[in-house]
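Protein chains: 2
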Amino acid sequence: MSRTPAVNGERLLARLAAFAAIGATPKGGVDRQALTAGDREARRLLADLAAARGFAVLQDEAANLFVRREGTDPSLPPLLLGSHLDTQPKGGRFDGTLGVLAAFEVLEALEDVGARPARAVEAVAWTNEEGSRFQPGAFGSQAFAGGTIPSEWREAQDRDGMRLSDELRATLAALPQAKSRPLGIPLAAYLELHIEQGPALEAEDVAIGAVTGIQATRWLEVSFTGRPAHAGTTPLAFRRDPLVAAVAVLGELHRSIMPADGDARLTVGRIAAEPGSINVVPERVAFTLDLRHPDDARLAAIDATVREICARHAAAAGCRMEVTVLSNMRSAAFPESVVTLVETAAARSGLSCRRIVSGAFHDALFLSRVAASGMIFVPCRDGISHNEAEDVAPAASIDGATALLNAAVDYLELAGAPERNARA
Amino acid sequence: MSRTPAVNGERLLARLAAFAAIGATPKGGVDRQALTAGDREARRLLADLAAARGFAVLQDEAANLFVRREGTDPSLPPLLLGSHLDTQPKGGRFDGTLGVLAAFEVLEALEDVGARPARAVEAVAWTNEEGSRFQPGAFGSQAFAGGTIPSEWREAQDRDGMRLSDELRATLAALPQAKSRPLGIPLAAYLELHIEQGPALEAEDVAIGAVTGIQATRWLEVSFTGRPAHAGTTPLAFRRDPLVAAVAVLGELHRSIMPADGDARLTVGRIAAEPGSINVVPERVAFTLDLRHPDDARLAAIDATVREICARHAAAAGCRMEVTVLSNMRSAAFPESVVTLVETAAARSGLSCRRIVSGAFHDALFLSRVAASGMIFVPCRDGISHNEAEDVAPAASIDGATALLNAAVDYLELAGAPERNARA
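In order, the protein sequences belong to chains R and F. For what it's worth, the working numbering labels the leading residue of the first sequence as 1, then goes sequentially. For what it's worth, the working numbering labels the leading residue of the second sequence as 1001, then goes sequentially.
Among the hints, a few may not be true.
In silico lysine to any residue, SDA-like type, Cα no more than 25 Å apart, as pairs [unchecked claim]: (1) K1027(F) x G318(R); (2) K27(R) x R270(R); (3) K1027(F) x R240(R); (4) K27(R) x E1274(F); (5) K1179(F) x L1058(F); (6) K1179(F) x D1073(F); (7) K27(R) x K1027(F); (8) K179(R) x T324(R); (9) K27(R) x R159(R); (10) K27(R) x G1318(F); (11) K1027(F) x R1159(F); (12) K27(R) x D1073(F); (13) K27(R) x L1058(F).
Hint data in this document are derived by calculation from the structure and do not stem from the laboratory.
Let the sequences and hints guide you as you build the complete structure.
Here is the structure:
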């Protein structure tokens, strides 16, 4: 190529600001949940930016959005880069969006210098990674990897009773200029830049994390059903209070699981009592458990412990117990070749780098089942994410995009056709 | 009077069945929350029954509904009998409704025999006693006793954002045949028949409870605010989880308050976490506490204990704490004269009777502030109430109405004009 492609930092930061404005919250965060009007607006902006550079825009039936910069040999499977544009209800400006915009920046950087790799390069925005509105999370990347959308996923409803299938149809229709493509096309490789969402890189002042894998995640819903009764007249002996069982269970879990294992994560994000009257002993109490561990066997052991504790306290409170698995994602290990590609790219950019296991699951977890995949982490302030206060230093965003670009260039050179340099 | 007035048991049971059909739930309970369409339908049925017997129908600005059987001296303050027609979201067929229909049965029993007491007798259905849709509960009787509706009560909204003032207006408009009367007219006395909503009378096989007073009730909302964070990546040391604080507080309360004091009641009817995403450590957790005790001083001490425990665990979890008093009702003692009136009436009917403190608050609590008031309890199966399984034996309903009628007759004789017997 004529010149070495380089990240345009100002351009990248301006794009981050433009997307942060879509669904911006008063506290400086973003509320752009999957398949909402805000999500559609962000997808439209990406499509417009792509059109302005002459890149092709495509979407599949899961509303995964692809921006394609064609290669000299269109028959070769593309190198895919990306992440997601949807956010938590009170999410940040970088979770997902940084990875999508950095991927697009790679396409533009290649275009800026007229690079002519044999292989097409694509930037992707996966649909509904967060799963906060419709379950399961990583909807788009799971559908892509599986080649289909399970019918029960289409029936998923949000808390207002809106069905995913309807919102999906409306989202696809909102981007008529995008060409349709089938789910799960062949890929050369997949690379995803993301913020760490944890405190490690910042604490060690490391610029780049070469992600070796992703810990396992299991989501459970636990419910206890007792006997509703009058709050003022029912003595303790006559009560079967499901909230007493739930509190006893959670207290024991809080005291045992995380304190005993520094790699374990246990979080209760939702809890509710029915019928929900101040002066009625509840009939039913339900809560969710988000359980994670890098080791699949340890996670299974924690799951078993949870069920044992639930059964014990349900019996003690005279309540019926139910445990439902909402989601179960095995851990993933990325191929050594891709981890090395990231380390080499970071070193060539003069960026400090260390290997790291991802505490969060990402679309790359599912892509790793169908293509050589890897991830690049950059530090975020205080490890805060899924939070309006989420923040990433401008230099860190640029460092991450630079590592992604260099990894892509290295990969394309490895896979490039011989005449490529001659042409350049 | 020509004959001694007597309860028509078949009529009473048929009325109970007719009202149970309004808002009936599949599980045999009733969902007829205050100021809903169902509530209006029940009020309309009562008004139609009154018109059929030639009784006057009146309502005040709080939508308290009065059925008046005129006395020979309309200038005398009436004897008021009644309860409420609204229910919990998953309520029973007798809580409130039995008291209203038994009061109406008293009017009909007097009419059946052409009794001519000097004093008018009225049956009342107080508005929104339950408080499950709009707070505060006992809205109608509190407004009656206070002589006004506080403006903040008018602004109350239900969970769908409907305002009480709008629903109140619509409810009043739905009964155009009812004459308007001012809030808080002078009363001779107030008597309320109600199911015990507790297990004592049934356990002791006693037909009638002569209620000596009502225990104090305090409703609190407790909230903890921490720091939302990513469930998968945030180590224990970096968490400020308000749910951990809430669970620790509730665990300590469950282990201490009720086990240590058999007269104390502590119930958590509502709990919620925000933002409510499975994979986000909550930013805020809020729950309600329904605290009760027959002794005002003990209840105050329990309240102080709650605040101490909340503050301690909030500090331990690095969270901010807030405690709001949603409702605070002092205990009430009914006058000995009224308790004796009930005991005498029960004895005259050959019904077993014992004195009892009410575990629940009732409209009579507020009426007792403006008139000589008392209550009659009848047993309910297993003490279950605020529950679709709530049940009362047909004989128990008739016994309660009989005790109420005899107490009314005794009271009217005591207060009756001399020419009353001559005329009869």
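Numbers of the earlier hints that this structure fails to satisfy, in rising order: Checked against the structure, the hints that fail are numbers 7, 8, 12 and 13, while the rest are satisfied.
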